[in-house]
Amino acid sequence: MKKIEGDNMVTPQVKIIIEDINREIKKAVKVLIDLSGSWDDTRSAEDIIMDIKSNRKNSKKLEQI
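Taken in order, the sequence shown gives residues 163 to 227; the numbers are from our numbering.
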(Lines of atoms letter the chains of each structure in order from A and count residues from 1; the text may use other names and numbers.)
(Lines give C-alpha, C1' and ligand atoms only; values in the text may rest on other atoms or scores of the structure.)
Protein backbone atom coordinates (compact mmCIF):
# COMPACT_ATOMS: atom_id res chain seq x y z
CA MET A 1 0.00 0.00 0.00
CA LYS A 2 1.30 3.44 -0.92
CA LYS A 3 2.44 5.49 2.07
CA ILE A 4 0.57 8.76 2.39
CA GLU A 5 1.42 11.85 4.38
CA GLY A 6 0.20 11.50 7.95
CA ASP A 7 0.05 7.71 7.56
CA ASN A 8 1.12 7.29 11.19
CA MET A 9 -2.33 8.58 12.15
CA VAL A 10 -4.09 5.68 10.41
CA THR A 11 -4.81 2.83 12.78
CA PRO A 12 -4.01 -0.77 11.84
CA GLN A 13 -7.75 -1.50 11.79
CA VAL A 14 -8.37 1.23 9.23
CA LYS A 15 -5.52 -0.11 7.09
CA ILE A 16 -7.08 -3.59 7.20
CA ILE A 17 -10.47 -2.17 6.18
CA ILE A 18 -8.91 -0.25 3.28
CA GLU A 19 -7.00 -3.34 2.13
CA ASP A 20 -10.19 -5.43 2.29
CA ILE A 21 -12.07 -2.85 0.23
CA ASN A 22 -9.26 -2.73 -2.33
CA ARG A 23 -9.31 -6.54 -2.55
CA GLU A 24 -13.08 -6.54 -3.17
CA ILE A 25 -12.74 -3.84 -5.83
CA LYS A 26 -10.04 -5.86 -7.59
CA LYS A 27 -12.31 -8.95 -7.53
CA ALA A 28 -15.20 -6.96 -9.04
CA VAL A 29 -12.95 -5.53 -11.75
CA LYS A 30 -11.68 -9.03 -12.59
CA VAL A 31 -15.26 -10.29 -12.96
CA LEU A 32 -16.06 -7.45 -15.36
CA ILE A 33 -12.88 -8.07 -17.34
CA ASP A 34 -13.66 -11.80 -17.53
CA LEU A 35 -17.12 -10.96 -18.88
CA SER A 36 -15.65 -8.74 -21.57
CA GLY A 37 -16.34 -10.22 -24.96
CA SER A 38 -18.59 -12.93 -23.54
CA TRP A 39 -21.69 -11.67 -25.37
CA ASP A 40 -22.04 -13.83 -28.44
CA ASP A 41 -24.72 -12.88 -30.94
CA THR A 42 -24.78 -13.07 -34.71
CA ARG A 43 -27.35 -10.27 -35.02
CA SER A 44 -26.33 -6.74 -35.90
CA ALA A 45 -26.34 -4.06 -33.21
CA GLU A 46 -29.43 -2.53 -34.81
CA ASP A 47 -31.30 -5.86 -34.67
CA ILE A 48 -30.38 -6.35 -31.01
CA ILE A 49 -31.54 -2.82 -30.16
CA MET A 50 -34.84 -3.32 -32.01
CA ASP A 51 -35.35 -6.61 -30.14
CA ILE A 52 -34.69 -5.00 -26.76
CA LYS A 53 -37.00 -2.05 -27.49
CA SER A 54 -39.81 -4.25 -28.81
CA ASN A 55 -39.71 -6.47 -25.71
CA ARG A 56 -39.84 -3.66 -23.15
CA LYS A 57 -42.69 -3.78 -20.68
CA ASN A 58 -44.33 -0.67 -19.27
CA SER A 59 -43.99 -0.47 -15.52
CA LYS A 60 -46.15 1.40 -13.04
CA LYS A 61 -43.33 1.43 -10.46
CA LEU A 62 -41.99 4.83 -11.50
CA GLU A 63 -45.45 6.37 -11.44
CA GLN A 64 -45.66 5.64 -7.70
CA ILE A 65 -42.64 7.81 -6.90
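Mixed in with the good hints there might be a few duds.
[Claimed, not checked] As a list, the in silico BS3-like pairs of lysine-lysine whose alpha-carbon atoms are at most 25 Å apart: (1) K188 with K177; (2) K177 with K192; (3) K177 with K189.
Simulated from the structure, these hints should not be mistaken for laboratory data.
Hints and how they fare:
For the suggested pair K188 and K177, the alpha carbons sit about 16 Å apart, so the restraint of at most 25 Å is met. Note on K177 and K192: the hinted pairing holds, with a Cα-Cα distance of about 22 Å set against a maximum of 25 Å. Taking the CA atoms of K177 and K189, the gap is near 18 Å; set against the 25 Å cutoff, the hint holds.
Hint compliance for this structure: no hint is broken.
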